[in-house]
Each structure stands twice: as C-alpha cells, then as structure tokens.
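Participant: Please construct the entire structure, taking both the sequences and the accompanying hints into account.
Listed below are the residues making up each chain.
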Amino acid sequence: MSTPFRNPYPTYDVLDKWDSPSFNDQTREVIARRLDQVPPRRFFDAIQWATLAAVCDRVIPQPERRFDERVPIAPWLDADLYEQRGNGTRYAEMPTDRAAWKQGLDAINAEARIRHGLHFAALSPGAQDAILKAVDNGETRADGAWTGLPPKRFFRHLVLKEIVNIYYVHPAAMSEIGYGGPASPRGYVRLGVDAIDSWEAPRGQWSGERDE
Amino acid sequence: MTRPVGAASHGAEAKPRAVDGRAPDVFSRDGTVAMREYRDTDEVDFAIVGTGCGGGVLAAKLAEAGFSIVALDAGPFWRPLADFASDEREQDKLYWLDERISAGDDAIELGSNNSGRCIGGTTVHFQMVSLRFRPEWFKARTKLGYGVDWPVDWRTMWHYYAEVENACKISGPISYPWGPPRGRYPYRAHEVNAAGLVLARGAEALGVAWSPTPLCTVSAPRGKSPPCVYRGLCKLGCSTNAKQSVLIAFIPRALAAGAEMRDLAMVGRVETDRSGRATGVEYHRDGKWRFQRARNVIVSGYSIETPRLLLNSAGGRHPHGLANSSDAVGRYLMVHSNHAVWGEFDEEIRWYKGPPSMACCEHWNYNDDDPSKDFFGGYSFMSQGPLPTDFATSMVTNSGVFGIDLRRRMALYNRMAGLKIVGETQPQAENRVTLADEMDEFGIPRAHVNFSYCDNDKRLSRHSLSFMKRMLGAAGGRNMFETESTAHLMGGCRMGFSPDDSVTDADGRTWDVPNLFVCDGSLMPTAGGVNPAMTIMANSARIADRIKAMAATGEL
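In order, the protein sequence lines correspond to chains Z and E. Letter by letter, the first sequence follows residues 1 to 212 in our numbering. Letter by letter, the second sequence follows residues 213 to 768 in our numbering.
Hints listed in this document are in silico derivations from the structure and should not be mistaken for laboratory results. Among the hints, erroneous ones may be present.
Covered stretches of chain Z, going by a simulated chain E footprint (3 or more residues, C-beta under 8 Å) [stated by the list, open to error]:
(1) 82–90
(2) 162–170
(3) 176–187
(4) 196–206
All values derive from a computational prediction rather than experimental measurement. All C-beta atoms in this analysis are idealised placements derived from N, C-alpha and C, irrespective of residue type, glycine included.
Facilitator: Shown next as structure tokens:
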C-alpha cells in the first residue's frame with residue numbers, strides 16, 4: 001500500500017490526439033464538457049460530500065498529482081444522482097440509488113465516529129482504508145446505520161463501481177494505462193502482439209515489474 | 213419523459229425524429245429519408261413493439277411483403293455518424309437505464325449488461341459475435357437429455373441462419389471447425405488481433421480447435437458501410453457504420469418498403485376487445501398517450517419488456533395478463549453465465565484494438581463424451597477486449613480491490629488477456645419476470661426479475677473456469693484471476709408444443725390470442741452455449757415467412 005503509483009506510460013497523453021483523426025466532433029464535445037464543466041454539489045449535504053470526497057481519495061488515491069490536477073470524481077457522482085441518471089439495476093435488497101448513497105455515506109461516517117470519535121474525512125488514510133475494508137467484509141459496528149443496506153453490496157456495486165466508472169473515462173486515467181482512447185473515424189491498423197500504431201502510446205516502461 | 217443521458221445526442225433523446233413523413237438517414241450526419249406514415253385510427257396490418265433482432269427483422273420482411281406496418285420503440289432513432297462518441301460514459305445512452313428490480317440468489321445485472329433502448333435494439337451495441345446453435349440443441353430434451361425441445365427443426369433454422377448471415381454480410385472463416393458444414397460466409401474473416409491470438413496459442417497448446425469468430429462487421433465495403441477500422445469501441449455503438457446492426461442492415465429496408473418507425477414511443481398496453489382479440493396498442497409519445505389500431509400485434513421487446521407488457525395488459529378475458537392462461541409469461545428466463553479468467557502477459561496485447569472477441573472456441577459445445585464433462589448443456593468462450601471501465605468494474609465488483617493496488621492493476625491493462633464463456637443455463641420456472649408494486653414514470657409497474665443458478669449451471673461454470681485457466685496458463689498468462697458475471701437474456705415467453713407450458717406456438721402466435729404474436733429472444737425455449745443474436749434474428753426471419761404463408765392461406 002505504501003508503494004507509490006508508477007505510470008508505465010509517462011510520455012503519453014491521449015489528449016495529444018485532440019486535433020487528429022482519432023477524435024471526431026462529438027467526442028471532442030463530450031470530453032471538453034468533462035474537463036471544463038465540472039458540476040457543483042447539488043445532491044449531497046456538506047458532511048456527506050466531505051465523506052464522499054474522502055472515500056474517492058481512498059478508492060483512487062492521486063498523490064502524484066497536484067490538488068488542482070486531480071481527476072474530479074465526487075462532483076460527477078453527485079450530478080448523476082441529482083439528475084437521476086440511473087443504471088438500470090436495483091438489487092431487491094437495496095434501497096433506490098439515491099437513498100442508498102445518502103444512507104451509505106452517513107453509515108461510513110458513523111463507523112468512523114464509533115471507532116475513532118471523528119468524522120471519516122478527518123481520519124488518517126490508514127484508518128479510512130480499514131473502515132472501507134470492514135464495510136466490504138460486512139464487519140460493521142454502527143449497525144443501526146446499515147439497516148436495510150447490505151454493506152458489501154453497497155460498497156462494491158455502488159461505491160467502487162461508480163467511482164471507477166467515472167475515473168477511467170477521464171483522459172488522465174486513459175493515458176496512465178496506455179489506452180488508445182477515442183478512435184473515430186480513425187481506428188487502428190496494427191493488431192498483432194507488440195504491434196503499435198504511431199498514434200498509440202509507445203511501448204510501456206515495464207522494467208523491474210516483470211516478475212512482481 | 214425519460215431524461216436524456218447523452219451530451220452529444222443532438223436532441224434524439226428529447227424529441228421524436230421519425231415525424232412528418234421523414235425518418236433519419238442512418239448513413240448521414242443529419243439527413244432524412246422518406247417514410248410512409250399512418251394515422252392512429254388506421255387499422256394497420258401489424259403494430260410491432262420493439263425494433264431489434266425481433267421487430268426490426270420482422271418490420272423489414274413484412275413491409276417488403278406488402279403489409280402495412282407501424283413499428284414502435286421506446287428509444288431514440290440514432291444517426292451513428294453524428295451521435296455516437298468514442299466515450300464509455302456518453303454511450304450509456306444506448307441502454308435501458310430505467311430502474312428494474314433484480315432479485316434471487318444470483319440476481320443479475322441489467323442496464324448496460326444486457327439491454328438496449330433504441331431503434332435497432334441491442335444490436336446497436338452488441339459485440340457482433342455471430343454463431344449458430346448446435347443442431348442437437350433444437351432437440352435438447354430428446355437428443356441430449358436436458359431442457360426442452362424447440363418446436364422447430366434445425367434444418368429450417370439452418371436455412372434462416374444463412375439468410376440473416378447474408379443480410380448482415382457476416383465476416384467469417386472459410387471453414388468453421390464445429391457442427392455440420394455451412395456455406396461460405398459472405399465476407400472474409402477479419403485479421404485476428406493479439407488478444408485472439410492468445411486464445412489460439414492456448415488452444416493449440418491444449419490440442420483443441422479454435423476459430424476466428426464470425427463477426428457482424430464488414431471486412432470490405434458494403435453499400436454505404438465502410439470496412440471495419442478496428443477502433444474497438446463496438447460495445448459503445450459503431451460510429452462508422454461498419455457494424456451491420458439491425459439499425460443499419462434492416463431498418464433502412466423496412467423504411468424503403470413502407471414501414472413506419474415511431475421512435476421515443478413507449479407502449480404501455482396491448483388492448484383487447486370483448487372477444488379477447490387484440491385491437492391495437494396504447495403508447496406514449498411526444499408528451500401524450502395515444503392508441504394505434506392494428507389487425508395484429510407483435511410484441512418484440514425482449515425477455516423483460518415483452519413479459520412486462522403482456523402482464524400489464526391484463527383485463528377482461530385475460531385477468532392474469534395477456535396470453536398467460538398457461539402462467540408461462542415471464543417464466544423460464546435464462547441468461548448466459550459469463551465467467552472469465554484473466555492473466556498478465558509479457559507482451560503488450562493492447563486488447564482495445566479490434567472487435568472485442570476475435571477468436572472463439574466451441575469445444576465444450578460439441579464434445580459430449582469427455583470424462584471431465586460433469587454438466588448438461590454447453591459453453592463457448594472467446595478472447596476478450598474490455599474497455600477500461602468495463603474491466604475496472606468487473607475487477608472491483610468481483611474482488612473489492614481499491615486504492616493504489618487498483619490503479620497498479622489497471623496499469624497492466626495493455627498486458628492483459630482473458631477468456632470468457634457464454635455458458636448455457638437451464639430453463640427454470642422460478643427464474644422469471646413479474647410486475648413490481650411500484651410504478652415507473654409512465655405509470656407502468658416496474659419489472660421485477662428473479663434469477664438463481666441451478667446446480668447444473670454451477671457445475672458448468674466451475675468446469676469452464678478450470679479449463680480456461682489451463683488454457684490461459686498454457687498461452688503464457690501469469691497472476692491469473694477469475695471474475696463472474698452474466699450476459700444476454702433468453703426466454704420469458706417461450707414457444708412450445710402445448711398451451712399448457714408455453715406462451716406461443718412455433719410461429720410465435722400466442723395460444724390464447726390468435727392475432728397477438730411474440731417475436732424476439734423471449735421465445736427461446738433453451739439458451740444454448742452461444743451468443744443469441746443470430747438465433748433470434750434467424751427465428752424472426754422464419755416467423756416472418758410463416759406469417760406471410762398464413763396470410764396467403766387466410767389463417768391470420
């Protein structure tokens with residue numbers, strides 16, 4: 001956990017293709033909006049918002065980025081719930097997504113208060129991780145706070161799933177994994193093993209990771 | 213009424229596009245084509261609910277036969293060249309995102325996993341794997357001892373597979389290793405990508421056959437469709453029109469032959485008269501409820517919306533839902549188990565390039581006598597190319613990994629390869645769609661979906677994981693891990709031999725209401741171990757010909 005994140009593609013930025021045939025107008029429109037129009041908080045209250053921001057920081061820590069360069073996650077989660085975007089599935093044992101998120105963040109905060117007497121957002125990263133792992137294992141202590149909300153289902157199928165759904169559509173995340181990103185109208189020509197088109201990420205820097 | 217999802221939809225989600233005698237030209241950025249229109253008071257020959265593998269194919273074939281057709285779809289009418297972005301989040305607009313309630317021991321994920329909501333249906337975002345059923349599966353009970361028989365002969369289906377494969381210009385190999393001989397695929401196979409070559413390497417190491425996957429995207433120009441450029445975002449909708457979805461391959465045919473398409477038209481009820489016959493459909497479009505009269509109604513809404521609509525059409529002579537005297541509406545719902553094994557490789561595979569499943573293996577669909585086979589039914593498996601959020605969500609929901617560990621594992625994205633099954637599940641009466649107590653925003657009860665695997669289903673997926681692990685390891689994979697999920701929907705309004713335990717006869721005609729048909733994947737009595745799109749389309753093409761024949765002899 002103390003190992004820092006090492007980007008295998010440090011020289012690659014998917015946005016360098018902005019004016020190339022890999023991007024079409026509608027894709028530029030969508031990604032420009034994602035980069036420039038980060039929505040304000042409208043759904044969560046201030047304490048839930050602080051808890052959510054802290055949870056996002058633990059699920060996707062971004063210590064190598066300056067604060068203003070970090071990929072925003074909480075604002076898009078808030079916007080999805082405010083706009084009732086939906087995902088097509090409500091598991092029968094769960095409340096609606098809007099109710100589940102509010103109750104779940106309150107419950108995570110309640111876990112922090114029971115264990116440490118502090119808000120979740122005020123805890124050390126290690127203490128925060130321990131609480132999230134306990135939630136994932138169903139080892140919760142603030143039992144009243146979780147009534148009608150199965151902790152593991154909430155954590156994996158809402159918290160983790162929706163956070164990665166937002167993070168990995170951001171150009172910075174595409175770039176750090178060497179993903180080709182937008183590809184229309186131009187796709188790819190070289191499909192074989194270790195075959196790389198000039199508009200893809202160059203080969204990753206993998207030294208020392210081969211036998212991890 | 214449903215909220216727009218896309219930022220680059222150009223109004224398609226907000227206001228109907230097929231209006232005033234014009235429909236979108238799917239091969240243009242903003243053009244239209246002429247469209248015949250009917251009034252609500254016109255009694256059309258067929259009102260078709262849904263425009264995917266069932267309704268889209270039917271609309272084309274029945275309109276070409278001279279019938280008057282109104283086809284309604286709850287979703288938008290896209291122009292892919294202008295409306296589809298290269299973006300996973302934006303393209304959520306292709307799915308049925310309204311809430312459905314999922315229950316059972318193995319509650320299934322809905323939404324992006326197995327639904328579509330647009331003209332062209334799920335084929336707009338399907339991954340184009342175009343396989344045929346094994347012939348014996350049409351007599352699964354008689355020949356293989358499980359499930360039920362289909363009321364259709366495999367040779368008839370073989371004929372219609374060839375028809376729809378030609379209509380979609382499937383690009384496939386010269387010879388296919390499994391099953392009886394089939395004709396040449398219309399277009400040559402695509403070059404297999406690195407992810408597919410991993411499967412090939414593993415199969416050769418284990419001594420089993422493999423094949424380039426027959427795919428529903430063209431390998432050479434076809435009309436206004438350019439050849440596939442291997443952009444790999446097929447699951448988000450094809451923005452070049454290389455993919456021969458129903459939107460591209462059938463809807464233009466239907467329009468040219470005089471069918472009317474109504475987009476953003478949510479059907480809430482099929483109405484019946486005092487004698488119990490269908491009289492038309494009640495639908496919501498452009499802010500108000502309307503009623504389209506029809507001599508015949510065909511429901512093609514797929515395995516959840518079709519039973520939901522029939523159940524919600526209860527009344528009068530049909531107190532338990534339309535066509536439900538057997539209590540079979542909504543039952544025998546099936547999925548494909550979609551378990552996978554993933555591993556790291558020394559090479560950079562870059563599985564995001566090309567269609568996601570370019571190599572396949574049907575060994576366990578055809579090999580009955582292997583002593584290790586401890587289950588009924590079969591499974592195929594394919595090479596994989598999940599997009600980043602797809603891969604990330606399957607990792608986090610299966611393992612709970614988060615933090616720097618998650619980012620490090622995701623950073624291996626370009627060195628990953630995987631094998632994933634399409635595993636047959638058994639038809640079980642308690643796996644079913646019912647109406648929930650709560651309403652959606654149209655005032656229609658939400659669908660409640662119940663699903664649990666049976667022991668045979670579990671044996672099948674365990675067998676597949678162990679076999680795929682051996683194969684991926686033999687191909688050079690390391691640090692392997694497994695994930696579980698489901699794909700596709702089948703059944704829910706099955707066809708059969710008797711009104712006692714099925715909803716329709718072999719022609720898709722409901723046993724209870726002679727002028728009401730079902731035509732989509734919900735008809736499937738068994739699931740088979742292959743992706744269902746070609747089977748649903750072939751069955752629809754067959755039913756279209758049966759309807760034409762019945763009309764000719766006055767049996768409609």
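Participant: All the hints need checking, so say for each whether the structure fits it.
Facilitator: Checked hints:
1. A stretch counts as covered by a chain when three or more of its residues have a beta carbon under 8 Å from one of that chain; for the segment 82–90 of chain Z and chain E the count is 8, and the coverage holds.
2. Coverage of the segment 162–170 of chain Z by chain E holds. Counting CB-CB distances below 8 Å, 6 residues qualify, and the rule asks for three or more.
3. For a cut-off of 8 Å, the count of residues in the segment 176–187 of chain Z with a CB near a CB of chain E stands at 12, and the three-residue condition holds.
4. Counting residues of the segment 196–206 of chain Z whose CB lies closer than 8 Å to any CB of chain E gives 6, which reaches the minimum of 3, so the coverage claim holds.
Going through the hint list in order, the structure satisfies each hint without exception.
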